[in-house]
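Taking the hints into account, I'd like the entire structure generated from these sequences.
For the protein sequence lines, the chains are A and B, in the order given. By the working numbering, the letter at position 145 of the first sequence is numbered 145, and the numbering carries on one by one without gaps. Residues are numbered in the working numbering as their position in the second sequence, beginning at 1, plus a constant of 1000.
One or more of the hints may lead you astray.
Simulated coverage check for chain B against chain A, where a stretch passes if three residues somewhere in it have a Cβ under 8 Å from a Cβ of chain A [unchecked claim]:
no., segment
1, 1054-1064
2, 1454-1464
Mimicking DMTMM-like on lysine to aspartate or glutamate, the simulated pairs with C-alpha atoms at most 25 Å apart in a straight line are [claimed, not checked]:
no., chain 1, residue 1, chain 2, residue 2
3, B, Lys1070, A, Glu183
4, B, Lys1113, A, Asp200
5, B, Lys1273, A, Glu191
6, B, Lys1183, B, Glu1292
7, B, Lys1183, A, Asp142
8, B, Lys1183, A, Glu126
9, B, Lys1183, A, Glu183
10, B, Lys1186, A, Asp17
11, B, Lys1070, A, Asp176
12, B, Lys1183, A, Asp176
13, B, Lys1183, A, Glu152
14, B, Lys1183, A, Asp50
15, B, Lys1070, A, Asp173
16, B, Lys1485, B, Asp1418
I should point out that these hints are in silico values taken from the structure, not numbers from a laboratory. For each residue, glycine too, the CB sits at the ideal point set by N, CA and C.
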Amino acid sequence: MQPFTTVTGVVAPLLRDDVDTDAIIPAAYMRSLSTDPGEGLFARWRYRPDGTDDPSFVLNEPRFRGAAFLLAGRNFGCGSSRENAVWALLRFGIRSVIAQGFSDIFQQNALKAGLLPIALPPPQHERMIHAIARATLTVTVDVAARTLMLPEPPPIRFALDARSQTRLLGGIDEVDETLLRRERIAQFRVEQRARFPWLDVVDTNARHP
Amino acid sequence: MASMQKLLRSIKPGGATIAPMQESRTLFDKIWQAHVIDPVDDDVDLLAIDRHFVHEVSSAEAFRQLDTAKRRVAEPRHTFAMHDHIVSTQPGRDARTYAGGTELVTFLERNCKESGIRLFGLGDPRQGIVHVTAAENGLVLPGSTVVCGDSHTATLGAFGALAWGIGTTEVAHVLATQTLAQKRPKPMAVELTGSLPAGTTPKDAILAIIGRFGIAAGVGHAVEYRGSAIRALDMEGRMTICNMSIEFGARFGSIAPDDITFEYLANTAYAPKGEQWDSALAYWRSLRSIDESAFARTLDLDVSSLAPQITWGTTPGDVIGVDGRVPDRSAMPPERRSSFDATLAYMGLSEGQRIEGTPVDVVFIGSCTNSRISDLRAAAKAIDGRRVAASVRALVVPGSSAVRRAAENEGLDRVFRDAGFEWRESGCSMCLAINDDIVPPRARCVSTSNRNFEGRQGAQARTHLASPVTAAVAAVAGRISDPRKLA
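Structure follows, in structure tokens:
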């Protein structure tokens, strides 16, 4: 995954609660390995039925076409576990979603694919809304410092667990990290099988139901 | 790479052996603790994964990631693959019947062949929706960890397992390591008391929970469903309850195993046999919560006076009784009012209107929520001898090929066909509309599935989630109807 150190960019507001992953990318954009998920991003809102851009949708406004941040409401990314939602945002150029909260699966998918989910408590979220209402807002996010800098101080500190932070900064694949524990995993397996031998799949030439 | 070195240093050499089981206070804790290989960060543990299920859509990119990184599948024996999401459900179908899905269907076949993973694919008698067929075949055992790249994996928590949905990068991680690093959620209890009245089903109970407590109530939590109303349910009803955990935000939903669980498993193909069964059973009987104060949160619902439930809006929490009315704008919480008008416009409904009597165009009976044999029996019973209204397209999509055969043996297919329902092959179908089973724009569909999001069943489709009984009576009445009146 692409490392995330500091990113400076425009914030596009999508101030809805409960934006679900079917809205972020409809299933129709997941049928082929060759489909660019970026094309499907918010397809039902972004395109009119004839396939042309709907100019009233925020990401179609010229000033937001190059946005690096999305500001959303509560419970962003609820619903389907489709990681295509994260890829769609990344392919469009969004590096981080700032929201009042995320669904558990979306948050994990984002962190594991290199999209930074920033959950803000209501006062800081309000501050973002006020700032964005005044003018086109450009912010800088610094993952090492865990700060979100607005044009005016003070910067907003956000929560990010140390392990995800390290992986984001280095662009590290989690599998590489886990495989460093290869021996420990093998040892665990042996112990687990001794204790729970029935957990092993035995091909019984299983009777068909 | 410097950061990689840092990670390497952070791993303590010669990690501890499995800790002697501490007295875990909840079902969730017991299973989680028994699978911790290593703690890797505050609240994050590397867990051993006992069963992994893959389907043709969310696994495709994971296999590609594996290929790119030149990695192998670590334990192919413990991964099972199913064709379900994008397959055609047309009778007599094959991989080419729905041409838009052929690429992913054949890609999964190839990946399974190359990596030695068993595939319950098209044409296999065990084919079906992942969560339905995994249960039928005894692939999920109490006390085990189970993951799948599908958010409805919590369905399988009904067996007293920890079962949860994961993303594609996590699928690749499980394939490569048979482990997963997970943030530990907080345990939460949902206590269902009373008994379900006539005309209601487990689907109505879970819809009522989501409606009452909201679609984000379970975020960050692992839910255990408890109480007399849960104990009274068979395994299929329990699966329906656990299935919709994600619809109120919880990635995990489970039910402590009991004799009903063990009886179900005893007749399945992959359950342990002989002495192994006896030793497993002794352990399974210990899998229950012993301290109610250990739950971070408890939600209660008495189901005794429950009406059949149906959704009116575009989130699964927009729920009312089928005898109720769409809410008034003034009754909505302030933060919902701005979206309320848009929701009603999308759904083609007015505030305060009675939901009963609303004309419907499509009825879908299927999905991992409600496509098992008991669901089909209940639906067939409700409409036996009646006809689907002329204006309605109604389809029944069994959850697995085994469910389809069982229904045919009982003659349920005749009941549905005689009434004018389409009798289809098994798959996910119109629940997510990634194949060609799609609700047309602005058409109104009563669906036994789990999501009514905008565009979920097709662009501009208007979805009402309900039980198989409520859906079936809507098909014959041609409008949303109270199943208690037709009884």
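Check the structure against each numbered hint from earlier and tell me which ones fail, lowest number first. 8, 13, 14
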